[in-house]
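Please model the entire structure based on the sequences and the hints provided.
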Amino acid sequence: GENVEQHPSTLSVQEGDSAVIKCTYSDSASNYFPWYKQELGKGPQLIIDIRSNVGEKKDQRIAVTLNKTAKHFSLHITETQPEDSAVYFCAARDAGKSTFGDGTTLTVKP
Amino acid sequence: NAGVTQTPKFRILKIGQSMTLQCAQDMNHNYMYWYRQDPGMGLKLIYYSVGAGITDKGEVPNGYNVSRSTTEDFPLRLELAAPSQTSVYFCATSGTGTNKETQYFGPGTRLLVL
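One line per chain: the protein sequences are D and F, in this order.
In terms of the numbering used here, the numbers along the first sequence are unbroken and rise by one, the last being 110.
In terms of the numbering used here, the numbers along the second sequence are unbroken and rise by one, the last being 224.
Everything labelled a hint here was simulated from the structure, so no lab data went into it.
The beta carbon of each residue, even a glycine, is placed where N, CA and C say it ideally should be.
Where hints are given, some of them may not hold.
[Claimed, not checked] Derived DSBU-like pairs: lysine-lysine, alpha-carbon spacing no greater than 35 Å straight-line:
no.: 1; chain 1: D; residue 1: Lys22; chain 2: D; residue 2: Lys97
no.: 2; chain 1: F; residue 1: Lys119; chain 2: D; residue 2: Lys109
no.: 3; chain 1: F; residue 1: Lys119; chain 2: D; residue 2: Lys22
no.: 4; chain 1: D; residue 1: Lys109; chain 2: D; residue 2: Lys42
no.: 5; chain 1: D; residue 1: Lys109; chain 2: F; residue 2: Lys167
no.: 6; chain 1: F; residue 1: Lys167; chain 2: D; residue 2: Lys22
no.: 7; chain 1: D; residue 1: Lys42; chain 2: F; residue 2: Lys167
no.: 8; chain 1: D; residue 1: Lys57; chain 2: D; residue 2: Lys37
no.: 9; chain 1: F; residue 1: Lys154; chain 2: D; residue 2: Lys57
no.: 10; chain 1: D; residue 1: Lys68; chain 2: D; residue 2: Lys22
no.: 11; chain 1: D; residue 1: Lys42; chain 2: D; residue 2: Lys97
no.: 12; chain 1: F; residue 1: Lys124; chain 2: D; residue 2: Lys22
[What the hints assert, rightly or not] Quick list of simulated restraints, FRET-style, between CB atoms:
no.: 13; chain 1: F; residue 1: Asp183; chain 2: D; residue 2: Leu46; range: 43 to 53 Å
no.: 14; chain 1: D; residue 1: Ala70; chain 2: F; residue 2: Asn111; range: 13 to 23 Å
no.: 15; chain 1: F; residue 1: Thr117; chain 2: D; residue 2: Gln45; range: 14 to 24 Å
no.: 16; chain 1: D; residue 1: His72; chain 2: F; residue 2: Ala162; range: 16 to 26 Å
no.: 17; chain 1: F; residue 1: Gln127; chain 2: D; residue 2: Ser26; range: 32 to 42 Å
no.: 18; chain 1: F; residue 1: Gly207; chain 2: D; residue 2: Lys109; range: 36 to 46 Å
no.: 19; chain 1: F; residue 1: Ile125; chain 2: D; residue 2: Ile62; range: 42 to 52 Å
The structure is reproduced here in structure tokens:
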């Protein structure tokens, strides 16, 4: 089955700096790669996604890049703000099922 | 629209007790999922359903059962609770159309088995 590895497990940045979280996947059949943000005590919420026919996608301060050959994808957050502090999960999806990474706890210091 | 709702929010069970975690959605989505999230870990798929009357096992189905008699509801049953089932349980849905892969999660049920 699919295996997703996510790094780093924790990330601390100063407000205004950029943050990058990386994921690798094993199954070349995976074709959809979402990123979720989970705030304390809540369920994960989709923040951005990318499909296998696209190399990069951007939404304001958030961007995702995908390298299908190397089987890795990354989340980039620019101009970080304290409200970006949360746990971020990547996932790889194929045939109706998603496999999640173990999460990255991002802390943005004011 | 309420989206995805889960009840209860929190429950304490004794070893060997049984309970049903409820999940309901009003988005008319075909796909529904149950995940568990252990501390510091990602989400592990327990069971999923592609429509009413159809269910299938995920990564970690042992100790759980599900049913899907309607599009709206997808209850998760624990028959003999064990301490290893202490976790936070999330229900999720996904639909059809352009964004059919996007999953929408409920707020979770925190379960403690003592």
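Tested hints:
Taken as a hint, the lysine 22 of chain D and lysine 97 of chain D pair is honoured in the structure, with Cα atoms around 21 Å apart against an allowance of 35 Å. Between lysine 119 of chain F and lysine 109 of chain D the alpha-carbon distance is near 31 Å, which keeps this suggested pair within the 35 Å criterion. Under the criterion of a C-alpha separation no larger than 35 Å, the hint pairing lysine 119 of chain F with lysine 22 of chain D is consistent with the structure, at around 32 Å. For the hint pairing lysine 109 of chain D with lysine 42 of chain D, the CA-to-CA distance comes to about 22 Å; that is within 35 Å, so the pair holds.
Restraint check for lysine 109 of chain D and lysine 167 of chain F: not satisfied, since their Cα atoms lie roughly 42 Å apart, outside the 35 Å limit. The hinted pair formed by lysine 167 of chain F and lysine 22 of chain D meets the criterion: a straight-line CA distance of about 29 Å does not exceed 35 Å. A threshold of 35 Å between alpha carbons decides the hint, and for lysine 42 of chain D with lysine 167 of chain F the separation of about 25 Å falls inside it, so the pair holds. With a C-alpha separation of about 17 Å, the suggested pair lysine 57 of chain D and lysine 37 of chain D falls inside the 35 Å cut-off, and the hint holds.
For a cut-off of 35 Å, the pair hint linking lysine 154 of chain F to lysine 57 of chain D stands: about 27 Å separates their Cα positions. Under the criterion of a C-alpha separation no larger than 35 Å, the hint pairing lysine 68 of chain D with lysine 22 of chain D is consistent with the structure, at around 14 Å. Between lysine 42 of chain D and lysine 97 of chain D the alpha-carbon distance is near 21 Å, which keeps this suggested pair within the 35 Å criterion. The straight-line distance between the Cα atoms of lysine 124 of chain F and lysine 22 of chain D is roughly 40 Å, outside the 35 Å bound, and the hint therefore fails.
At roughly 23 Å, the beta carbons of aspartate 183 of chain F and leucine 46 of chain D sit outside the given window of 43 to 53 Å. Checked against the hint of 13 to 23 Å, the C-beta distance between alanine 70 of chain D and asparagine 111 of chain F comes to roughly 40 Å, which is inconsistent with it. Under the hint 14 to 24 Å, the C-beta atoms of threonine 117 of chain F and glutamine 45 of chain D, about 20 Å apart, fit the expected range. Between histidine 72 of chain D and alanine 162 of chain F the CB atoms are about 38 Å apart, so this pair departs from the stated range of 16 to 26 Å.
Between glutamine 127 of chain F and serine 26 of chain D the beta carbon distance is about 38 Å. The supplied range of 32 to 42 Å therefore holds. Against the hinted window of 36 to 46 Å, the Cβ-Cβ separation of glycine 207 of chain F and lysine 109 of chain D comes to about 41 Å, which satisfies the hint. Range check, isoleucine 125 of chain F to isoleucine 62 of chain D: Cβ separation about 44 Å, and the 42 to 52 Å hint holds.
Hints 5, 12, 13, 14 and 16, counting from the list given before, are not met by this structure.
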